[in-house]
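S.K.: Whole structure, please, built from the sequences with the hints as guidance.
Sequences listed follow chains A and B, in order.
Following this note's numbering from start to finish, the first sequence increments by one per residue and tops out at 349.
Following this note's numbering from start to finish, the second sequence increments by one per residue and tops out at 564.
Note that these hints are calculated values from the structure, not bench results.
Certain hints may be false.
[Claimed, not checked] Calculated lysine-lysine pairs in the BS3-like style (CA-CA distance at most 27 Å, straight line):
{"id": "1", "chain 1": "A", "residue 1": "K282", "chain 2": "A", "residue 2": "K294"}
{"id": "2", "chain 1": "A", "residue 1": "K152", "chain 2": "A", "residue 2": "K166"}
{"id": "3", "chain 1": "A", "residue 1": "K209", "chain 2": "A", "residue 2": "K166"}
{"id": "4", "chain 1": "B", "residue 1": "K328", "chain 2": "A", "residue 2": "K127"}
{"id": "5", "chain 1": "A", "residue 1": "K151", "chain 2": "A", "residue 2": "K166"}
{"id": "6", "chain 1": "A", "residue 1": "K127", "chain 2": "A", "residue 2": "K152"}
{"id": "7", "chain 1": "B", "residue 1": "K328", "chain 2": "B", "residue 2": "K297"}
{"id": "8", "chain 1": "A", "residue 1": "K152", "chain 2": "A", "residue 2": "K196"}
{"id": "9", "chain 1": "B", "residue 1": "K283", "chain 2": "A", "residue 2": "K282"}
{"id": "10", "chain 1": "A", "residue 1": "K196", "chain 2": "A", "residue 2": "K209"}
{"id": "11", "chain 1": "A", "residue 1": "K127", "chain 2": "B", "residue 2": "K349"}
{"id": "12", "chain 1": "A", "residue 1": "K151", "chain 2": "B", "residue 2": "K297"}
[Said to hold, decoys possible] Computed Cβ-Cβ distance ranges for the label pairs, DEER-style:
{"id": "13", "chain 1": "A", "residue 1": "A343", "chain 2": "B", "residue 2": "S150", "range": "38 to 48 Å"}
{"id": "14", "chain 1": "A", "residue 1": "A343", "chain 2": "B", "residue 2": "P201", "range": "55 to 65 Å"}
{"id": "15", "chain 1": "A", "residue 1": "L167", "chain 2": "B", "residue 2": "G299", "range": "32 to 42 Å"}
{"id": "16", "chain 1": "A", "residue 1": "S207", "chain 2": "B", "residue 2": "A301", "range": "57 to 67 Å"}
{"id": "17", "chain 1": "B", "residue 1": "E221", "chain 2": "A", "residue 2": "R336", "range": "26 to 36 Å"}
{"id": "18", "chain 1": "B", "residue 1": "A251", "chain 2": "A", "residue 2": "G292", "range": "41 to 51 Å"}
{"id": "19", "chain 1": "A", "residue 1": "T339", "chain 2": "B", "residue 2": "E221", "range": "52 to 62 Å"}
{"id": "20", "chain 1": "B", "residue 1": "V461", "chain 2": "A", "residue 2": "S119", "range": "27 to 37 Å"}
{"id": "21", "chain 1": "B", "residue 1": "S127", "chain 2": "A", "residue 2": "S119", "range": "33 to 43 Å"}
{"id": "22", "chain 1": "A", "residue 1": "P66", "chain 2": "B", "residue 2": "E494", "range": "49 to 59 Å"}
{"id": "23", "chain 1": "B", "residue 1": "P201", "chain 2": "A", "residue 2": "R143", "range": "22 to 32 Å"}
{"id": "24", "chain 1": "A", "residue 1": "A58", "chain 2": "B", "residue 2": "R548", "range": "54 to 64 Å"}
{"id": "25", "chain 1": "B", "residue 1": "P201", "chain 2": "A", "residue 2": "R169", "range": "36 to 46 Å"}
Here the structure is a predicted model, which is why all the values come from computation and not from measurement.
Where is the CB? At the ideal position from N, CA and C, for every residue including glycine.
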Amino acid sequence: MTDILDLLKNRAAEARRRAERTSAAAVVCSHVPRELVEAFFPRVVRLSPSGTVEREAEGEKRSGPFVCSYCKAILGADRYPSIIIGSSSCDQMKRALEIGGRRSGRPPAIINMPATRSGASLAYFKTEVRWLAEELAGRAGRAFDVSLLKKIIRLRNEIRSGMRKLRRRLGGAEWTALVLCESLLGTDEMADVLKEAEKTASRPPSLKILLAGSPLTLEEIPFLEFIESRGASVSADATCTGDRAVAFNVRASGSVLDGLAAAYFRRPPCIRARPNDEFYKWVREMAQRRGIKAVIWRTVRNCDIWSLEAQRARTLLGLPLLTLDTTYGDVLSTRVGTRVEAFLESLV
Amino acid sequence: MSEAFDRPPRKISFEEWAADFKTIPREIRERFRSWEGTSEASSYIENPACFVEHGGDSRLRSLRFDNSLASFVLWSLLLSEEDRLHAARRAGKTIIGALKDLGTVPVIAFSAPGTVAFYPDGAWWLPCLMEMEEGLLRLADSLGFGEEACPARAALAAFVNGAHFPLPDLVVAAAGSCCDDFSALMQRVADLGHKTVWWELPYRRDSGKIGGAVERTATGLIVPARVVDFVEGELGRVKKAIEETVGARISEPMLREGVRKANRIRGVLAEIRDLAYGRRPCPLPALEAQICEMLAIHFCSDLGAAFDVLSFVAETIRSRVENGRGVLDPEACRAVWVNPVADLRVMNMFEDLGGAVAGSEYMFRQALIPIPVDRPPLRALALTVLADPMIGSAAYRARLVVEEAERYGAEGVVVSNIPGASHCATEHAVIAEVVRERLDLPVLEVTVPPLADSGLSQLRTRFETFFEIIRSRRHR
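M.R.: Written as structure tokens, this is what we have:
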């Protein structure tokens with residue numbers, strides 16, 4: 002493990018522990034305009050569950066066997082955040098949040114991110130962001146402060162830009178840890194983390210892999226380390242916890258809410274967009290730019306939006322592609338390890 | 089007309105049913121025709137043996153049927169749909185394939201001249217009806233849609249092999265608030281190169297702050313006017329795409345007429361539901377009642393025929409109720425049934441063991457409620473879309489189940505999970521919790537695959553236990 006990876010993992014783990022202890026407000030999906038939530042609540046994290054067998058098993062007891070592992074891990078937490086802001090992007094997630102809300106007595110606020118990509122959908126999403134501002138004002142007990150929101154947008158833009166600049170110097174494990182830090186830390190703390198990360202030296206060239214699939218948890222970083230210990234580098238990451246997480250900036254001038262809505266709508270779309278051509282275009286372009294040689298399509302069990310796309314991705318991306326369907330019980334299992342090794346060997 | 093089969097109501101085997109066909113006078117068979125007034129007009133009443141031998145619907149042999157002529161006609165209309173769609177193609181009609189929305193797009197499509205609409209989603213029953221001989225699930229597997237996806241994956245396979253429904257001239261796909269697996273399926277269908285229009289079916293928040301102007305759906309939901317505006321605009325795009333495909337404009341009077349016809353069907357269906365689910369002894373078996381409900385979604389590709397058949401069913405069961413006749417034991421255990429079953433045989437089994445369906449929530453309530461006529465048709469349809477139980481919370485769906493149970497005096501609830509459906513992974517827990525809290529009724533959860541034969545003994549035991557609980561509660 003590199004020093005920087007160690008540092009990032011520790012910071013993310015510590016932030017997650019703190020969030021769980023102090024019931025921070027949590028956003029659940031990358032479609033939720035986090036800056037807006039941060040303009041109302043002092044500590045906002047992106048809900049990042051512990052990807053452990055224990056959490057998954059506990060979540061299964063509270064939901065059912067056919068729920069995806071990621072949702073189970075969220076539901077399996079000892080304690081739920083006081084405020085949860087989700088999005089309509091993933092059917093299972095939104096249903097899992099309903100169960101969590103019933104259990105905690107604190108219903109989530111769900112913002113509607115359209116799956117379609119038309120101008121009408123964008124206009125509608127703008128009305129949803131205004132709704133969210135009102136909803137959050139009701140929950141926080143105060144109206145939002147435009148200048149504070151603009152300041153947060155500026156800071157988050159700087160963080161995202163800084164992260165993007167660092168991307169080429171980081172391996173996949175480090176990058177995921179950095180993204181998880183960004184999702185869990187406030188702007189000041191994240192700015193400090195970035196300064197540390199900037200000290201990282203560039204990695205030597207290796208076989209470049211693109212990772213796609215379900216969002217990663219902190220506990221799955223060893224899976225990325227394993228890939229990279231076998232001579233490959235996860236140089237592009239199309240998961241929600243990868244390059245997509247920071248591949249956009251928000252315009253802070255003009256109507257700030259409309260600008261926020263437009264930025265979140267126009268960012269590289271989720272694979273659930275319909276049609277999802279833009280997603281594949283973005284992935285293809287990233288793969289080409291970064292010299293990607295192969296794809297690992299890794300999904301957690303019962304994650305339909307990713308797993309049912311695997312065959313299509315193989316055709317549309319035109320690269321050797323390995324599919325992995327895992328639970329948190331087999332992040333580093335022999336089965337997974339052997340398949341990854343065989344795949345990488347076949348590419349050399 | 090029901091005098092032709094005027095005999096004590098009961099459920100009969102396939103062999104008896106097939107034998108009955110021979111007793112139906114030709115002049116009666118000829119009264120039930122598809123595409124009346126066109127060159128393709130023909131009777132759709134068919135010898136059930138033909139559906140098995142030529143159509144491959146071998147599961148019919150394992151089912152039990154209501155012995156009325158109305159039921160015979162109802163089944164015939166259902167089972168002849170593929171033939172009717174192919175006839176529509178031969179007659180030069182435009183065929184619209186609607187995906188997911190269940191009940192709205194066909195109202196627009198049937199308003200256009202020379203147009204029929206159907207739901208390829210309906211192919212999810214083919215693996216059951218054809219007892220897997222058609223190979224659709226195997227083909228879906230090879231396309232990357234294995235058992236993690238619901239049996240509706242058969243629709244994708246049917247698009248690929250082209251061996252069932254005719255490939256539509258336009259696919260209208262509702263995205264947004266949609267099961268994850270079905271959304272992925274629609275994307276694959278669009279990839280096949282069919283002309284496709286996507287429209288947004290937005291998520292509906294069923295609680296919390298609404299803000300701004302609101303409107304009320306026929307099911308009593310309060311929805312923001314801005315959401316109705318958005319959906320109205322989306323349906324406007326759908327209408328435009330249909331117009332471009334058909335090559336003719338759909339005027340507002342035409343849409344109003346389409347809404348009127350759909351409402352006429354929904355009105356008859358409301359009476360059928362009240363009689364079938366509310367009366368003891370039950371005058372119509374669950375399978376036939378479910379088919380009646382399905383007719384409201386897309387009229388089995390013939391709006392006129394669907395209305396005639398439903399009217400005939402209503403007439404038949406009205407007569408049964410007036411005469412105190414029914415098909416089930418008056419003491420049958422009454423339950424609201426949640427979700428359609430992938431294997432139709434399970435509905436038979438439920439009744440044969442002593443159950444009666446007393447209310448349903450088959451995922452398309454929006455197709456059963458009257459479409460408002462006091463506003464522009466597209467706005468009325470938008471408001472109806474927003475009553476869809478699958479686009480909001482499971483708690484709202486649970487509320488519908490509670491209302492059904494109260495309305496029809498149910499003594500329990502059966503949540504019949506569809507394997508692989510993303511909504512089924514979580515919602516049963518919410519439905520069970522709400523039903524127990526509000527009504528203190530027992531809730532049974534079962535999972536029914538397309539062919540449930542290997543699990544029938546387990547299902548039998550579960551139903552029997554459920555009925556024991558219901559009976560024991562009667563003496564409390």
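S.K.: Can you name, in rising order, the numbers of the hints this structure does not satisfy?
M.R.: 7, 11, 19, 22, 23, 24 and 25
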